[in-house]
Structures are given as C-alpha cells and as structure tokens.
Amino acid sequence: MQGQGAIRFQVPKDLWIGLFFLGLALAYRYQAGLIPISPLDGAVNAAAMPKLFAGALAIFSVLLVIRALAVEALFVRAARKAALAKAPKRETDGIKFTPREHLRAVGVLLFGLGYLILLPYLGYVLSVILLIAALAVYMGTKPSPKVLGIAALVGVIFYLLFVRLLSIPLPAGFWPGLMG
Amino acid sequence: MEGLLTAWNVLTGSPAIFAAFGGVAWGIVGGALPGISPSIALALLLPFTYGMDPTTAIVLLAATYVGAEYGGSIPAILINTPGTNAAAATVIDGYQMHRQGKGGEALGISLQSGVIGGLAGLIFLILFTKPLASVALAFNFPAYFALGILGLSVIVSLSNGSLLKGLMAAAVGLMIATIGTDPLSGVSRFTFGEAELLTGIPYVLVMVGVFAISELMMQASTPDWGKTDKTQTRIKLPNFRQWRKLWRAQGIGSGVGIIEGVMPGAGGSVAAFMSYNEAKRWSSEPETFGKGAPEGVAAPEAANNAVACTALVPVLSFGIPGSNSAAILMGGMLIHGLTPGPMLFQKEPDFVYGLFAGLAVANVALLFIGILMMAPALWMVNRPKPYLMAVIFALVFSGIYSIHNSTYDLYLVLIFGLLGYLMRAFGFPFLPLVLGLVLGYLIEANYRRSLELTAGDHSIFLNTPIALGLLIAAAIFICVSVVRDVFQARKAARKIAAGAAE
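These protein sequence lines are chains A and B, in that order.
Using the working numbering, read the first sequence as starting at 42 and increasing by one per residue.
Using the working numbering, read the second sequence as starting at 66 and increasing by one per residue.
These aren't lab readings, by the way, just hints derived from the structure by calculation.
Be aware that one or more of the hints could be misleading.
[What the hints assert, rightly or not] Only some residues are given here: those of chain B computed to face chain A with a beta carbon under 7 Å: (1) 239; (2) 440; (3) 463; (4) 484; (5) 487; (6) 490; (7) 552.
[To be verified] Straight-line alpha carbon distances no greater than 20 Å define the calculated SDA-like cross-link-like pairs of lysine to any residue that follow: (8) B:195 / B:348; (9) A:54 / B:555; (10) B:560 / A:182.
[What the hints assert, rightly or not] Listing some non-contacts, in silico: residues in chain B with all C-beta distances to chain A over 10 Å: (11) 153; (12) 166; (13) 202; (14) 338; (15) 402; (16) 450; (17) 534.
Small disclaimer: the values here were computed from a predicted structure and weren't measured.
Heads up, the beta-carbon is just placed ideally off N, CA and C, and yes, glycines get one too.
All chains, please: the whole structure from these sequences, using the hints.
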C-alpha cells in the first residue's frame with residue numbers, strides 16, 4: 042500500500058474530447074431544429090436525419106466520457122493493487138507529439154492563410170513563390186537565395202501549367218493595373 | 066466477348082490508356098515518397114480529374130493506386146523506410162537484401178511480384194464483380210439503407226483505434242454530408258446563409274484536407290527521411306530459375322491480397338504482413354526470412370498489388386468502399402456523376418469495362434514504367450523534404466483553386482486539414498469519417514424513401530428480410546467490437562498489475 046498516495050486519478054483526455062463532441066452534437070441538434078419544413082416534405086422531413094445523427098453523436102460522446110472515466114478508474118485501481126510507487130505511463134490514442142511539435146504543425150496552416158490573404162493583391166505567381174520559399178524555410182531549409190530561386194522556378198512552372206496550359210484564371214493581383 | 070469489345074472501344078476511343086500510364090507513373094513517385102500513402106497520392110490527384118471524362122478520371126486514379134503500392138517498396142528496400150504502410154513488411158527482407166548488395170534484385174522481385182499480384186487481383190475483380198452486383202440488384206430502399214449502415218459498422222469495427230471514436234467519426238462524416246440543399250425537398254441545411262455551401266461540401270475538399278493537408282502538417286514535426294546512394298539501384302528482374310523459387314510466395318501473396326482486398330477495413334498492410342507470415346510458414350527455407358529472403362519481398366508485394374484491384378470489388382458491386390483509397394476512388398466516381406453499385410453495370414457498362422481495361426493496361430505497364438520511373442522516383446526521394454512538402458502544399462492549393470476558381474474552397478481545405486490533424490492527434494480513424502461522407506446520401510435518401518412507403522412506419526426495416534439480415538449483421542459487428550474494447554481495457558489493467566509483480 043506504500044504507493045497509493047503517488048497514484049492519483051487523472052482527468053483523461055478523452056473526457057474533454059467527449060464533452061467537446063457533446064457540445065457539437067447539441068449545437069448541430071439546435072441548428073437542425075431550425076431547418077424549415079418544406080411543402081415537398083413527405084413522411085420524413087429534411088430535419089429528421091440530422092436530428093438522428095445529432096442524437097447518435099451525443100450518445101457516443103457520453104459513452105466516450107463514461108469509458109474514459111472507467112478506463113482511468115481501472116488503471117488507478119490496478120496500479121494501486123499492484124502497490125506501485127509511481128503510476129506507469131498511461132497509454133493514449135493518437136500521435137505522440139510535444140505541445141511545441143503540435144504548434145509547429147498548426148503553423149503550416151498559417152502559411153496557407155497568409156497565402157490566401159496575399160493572393161488577391163500579389164497575384165498567383167508571386168504568392169505561390171512566397172508560399173513555397175517561406176514554407177520550405179519553415180520546414181527546415183536554411184534561408185538562402187537558392188530557396189528563393191527554387192521557389193521562383195517552381196512558381197513559373199506552376200504558372201505555365203495552371204494558367205497557360207490548363208487555362209485556369211488564377212488571380213493576377215495588382216500587376217495588370219501597373220501595366221495599365 | 067461483348068465486354069471485351071466495349072473495353073477495347075473505350076481504350077482506343079478515349080485518353081484512358083494514357084491515364085493508365087500517367088497514373089502508374091505518378092503512383093510510383095507518390096508511393097516512393099515516405100508519408101505520401103496511396104490514399105494521399107489519390108487525394109492529391111483528385112482536383113485535377115475534374116475536367117476529364119469519367120472513365121479517364123477513374124482509370125487515372127485506379128492506376129495511381131496500382132503504381133503507389135509498388136512505389137512504396139522503393140524506399141522500403143533502399144533506405145529502410147516504407148513509402149506506404151503496406152510496404153512495411155517489405156522492409157524486413159528487402160532492406161537486408163540491399164545491405165547484402167542485392168538491392169536491384171529486391172526491386173526486381175518487388176516489381177515482378179506486384180505485376181503478378183495485380184493481374185491476379187484484376188482477374189478476380191473481372192470475374193466476381195458482376196455476379197456480386199447482380200445479387201445487389203435484389204435490394205430495395207430499406208435494404209440499401211441497411212447496407213449503408215452495415216458498411217459503416219464494419220468499417221468502424223475494423224478501423225484502428227477505439228470503437229466509440231470510429232462511431233463518432235462516422236457520425237461527423239454523416240453530418241458533413243447533410244450540409245447544403247436537401248436533395249429530396251430542396252430545403253437548405255446548415256448553410257448559414259453562405260451561397261457556396263448550397264451545393265454541399267465537395268468530397269474532394271474533405272479528402273484533400275483530411276488526408277493530404279494533415280500529413281503535410283505532420284511532416285513539419287517529423288525528421289527528414291534517409292537518402293540513398295545511386296549505386297545498386299538498377300532493377301534486376303528475376304530470371305526463370307530465380308522465379309521458380311518465388312512462385313509459391315507470389316501465389317500466397319496474391320491469394321491473401323485478393324481475400325483481404327475484398328474484406329472491408331483490412332487493406333494492403335494487413336494483407337502484406339499476413340502473406341509474409343504465410344510465405345514464411347510454407348517456405349522450404351523459413352530460417353532465411355528476416356535475413357534477406359527473396360520470398361519475403363515477393364509475398365507482401367504481390368499481396369498489396371492484388372489488394373489495389375480487389376478493393377474495387379465492394380465499390381463496384383455494392384457501392385461500399387472498404388479502405389481509404391477505395392473511398393477516394395468512390396468519391397471520384399461520385400464527383401463525375403457515377404453512382405457506384407449494382408446499377409453501374411446496367412447504366413454505365415462502358416465505364417465499368419473501360420475501367421477493367423484501364424486496370425489491365427496499368428498492371429502490365431507497371432512492369433515497364435516501374436523500370437523507367439526508377440530514376441525519377443529516386444531523384445524525388447533524394448530531394449530535401451522541406452522543398453518537397455512546400456511544393457506539394459502549393460500544388461494542392463493550386464489544384465483546389467482550379468476546381469471552382471474560388472478561394473472559399475481553400476479555406477474549407479484548411480479547416481478540413483485541421484480536422485484531419487486533430488483526428489490524428491486524438492486517435493480518431495479517418496475511414497469512418499470519409500465513409501460517412503460518401504455514404505451519407507445513400508443512407509439518408511433510402512431511409513426517407515423507405516418511410517415514404519409506409520407513412521413513417523419503421524417496421525418496414527424489420528419486414529424486409531434483406532434489410533433485417535443486414536441490420537442484424539451490423540449489430541453483431543458493433544457488439545463484437547464492444548466486447549473487444551472491454552477486453553482490451555481489462556487486459557491493459559492486468560498488464561499494469563503484471564508489470565508490478567515482476
């Protein structure tokens with residue numbers, strides 16, 4: 042019984058996930074209630090299935106919370122019964138990244154957002170060159186003129202492929218205005 | 066005979082044959098890049114298929130799947146890093162062969178076995194899809210609804226991770242499918258006044274976001290893969306004497322791959338490892354396995370290429386995909402206005418036979434393109450990862466923009482990329498989400514049409530024998546998974562207790 046004090050009940054990650062999805066299910070259910078009734082609706086209207094899905098998600102979320110608590114309780118009981126001084130590492134689902142690594146991953150999306158903000162002003166070619174160069178540096182390449190050169194080369198290839206070959210009207214930015 | 070003629074006409078009268086070559090080439094390069102799984106290689110290509118005719122588009126995607134399964138073995142053999150999950154079994158003996166100076170032979174065995182496995186899978190696909198589809202012709206509205214539920218239950222039960230998370234992912238997929246104008250009554254749902262959402266969320270945005278963008282996010286925090294020197298990389302196909310030692314392993318791999326491909330949720334990785342074990346069991350030299358046995362390369366490579374063909378059996382006959390790649394292929398069909406399932410043979414015979422012909426070309430062409438693409442694939446693998454990832458990101462964005470010429474789609478892709486990343490982070494499987502999305506319409510439409518027949522009386526699902534049988538099967542799958550989940554939790558607790566006793 043020596044280790045009982047060291048092994049404490051921890052709020053499991055799945056509990057928060059379950060609560061988040063429960064909130065999502067309730068919000069979705071609320072929105073489903075706002076779906077208008079159409080005169081074309083038959084025995085089952087357009088809101089029926091969404092309400093069922095919301096109910097199902099809510100049930101699964103609650104079950105996930107219960108399961109998470111039960112698994113933690115089983116874990117703590119087993120660890121205490123085994124009289125461990127220190128709780129063994131809990132096994133969790135998903136990728137094992139540090140918070141810093143997670144932030145780095147989310148940072149990739151910011152480059153996408155930045156590209157979308159710049160695209161209407163700078164046009165496709167310049168935006169895509171900046172995107173490739175900035176993302177390559179973010180992913181680990183040392184900043185150098187070579188990075189910009191490679192990005193420019195790929196940007197021009199993409200321009201030829203999408204705009205010239207496939208005739209996709211990608212945003213031109215301020216360049217046409219400059220050229221009158 | 067009529068089918069052969071149709072296939073020939075489609076092949077010679079459309080660019081499908083070029084799509085087969087191009088798909089295999091892209092698949093090999095995509096599969097060779099660690100992190101780019103066959104499903105990601107398919108998702109990356111999906112936006113570019115919009116302007117193509119349906120047969121060419123789906124042949125391109127299916128050929129990519131074929132090429133990617135072989136491409137995954139290149140880094141597995143040369144740099145001890147599987148390019149795809151299914152190539153993880155190839156690493157064991159393939160890399161050992163490379164270390165012994167037999168890298169070229171290992172690549173040759175992988176290529177030859179892939180072609181043999183692919184052709185075996187294709188023969189099964191051609192022979193068995195139509196008879197299975199004719200069984201599905203007996204299905205009515207309640208049966209189709211039940212089939213959709215069964216498909217979801219099986220995938221949820223067999224997916225990695227916890228059952229509850231699989232069910233939640235499926236529910237979210239079904240919810241995403243309800244966004245847009247209700248096809249039965251014309252009412253808009255969950256559009257929040259956004260005109261862009263009225264037509265619903267295109268499958269391609271979800272698939273590209275969840276598979277490709279989330280993988281690129283992951284790559285930001287994972288180290289670069291190893292690079293290979295350019296020696297020992299000439300492919301040496303096995304001669305007849307060597308092939309005589311491999312046929313048994315290739316046969317085992319093909320057989321296991323055929324079975325696993327048809328089974329939902331199994332996929333190439335399960336097939337590859339299972340065939341590796343079986344090849345070892347039936348080998349006359351089992352002690353060489355793990356030390357560079359050629360049979361240890363042949364069996365898994367034949368298996369994963371057989372899977373690339375037979376994974377289409379449930380899609381074409383029932384409209385139910387059994388793996389990520391098959392779900393993306395099915396998404397591609399839906400994008401092009403094709404409804405996978407038994408009616409496909411009656412409504413679109415040109416497409417079905419054209420697809421079979423395209424796959425035949427792709428599997429045979431794999432032998433030649435595999436040799437030709439070796440140098441470009443190695444060149445790509447040897448590029449610094451940051452450049453590759455940045456270029457792929459830019460390619461995804463350019464491709465997605467080109468679908469509707471809209472930046473709105475790009476914002477949605479970013480949102481789904483974040484969703485995919487969160488799913489990876491918290492251990493949610495992807496396949497139930499994607500399946501919920503592509504089966505959403507089938508499930509809802511057939512549920513509502515069934516209840517129209519009985520003025521809202523749910524007993525129609527119990528009174529239709531096929532529907533009842535399928536729903537019972539779905540319930541059994543879920544119950545078995547619940548029991549499995551409970552046992553796993555108890556086993557984990559016992560492990561802790563045992564660890565303390567030691």
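### Hints the structure fails to honour
2, 4, 5, 7, 8, 10, 16
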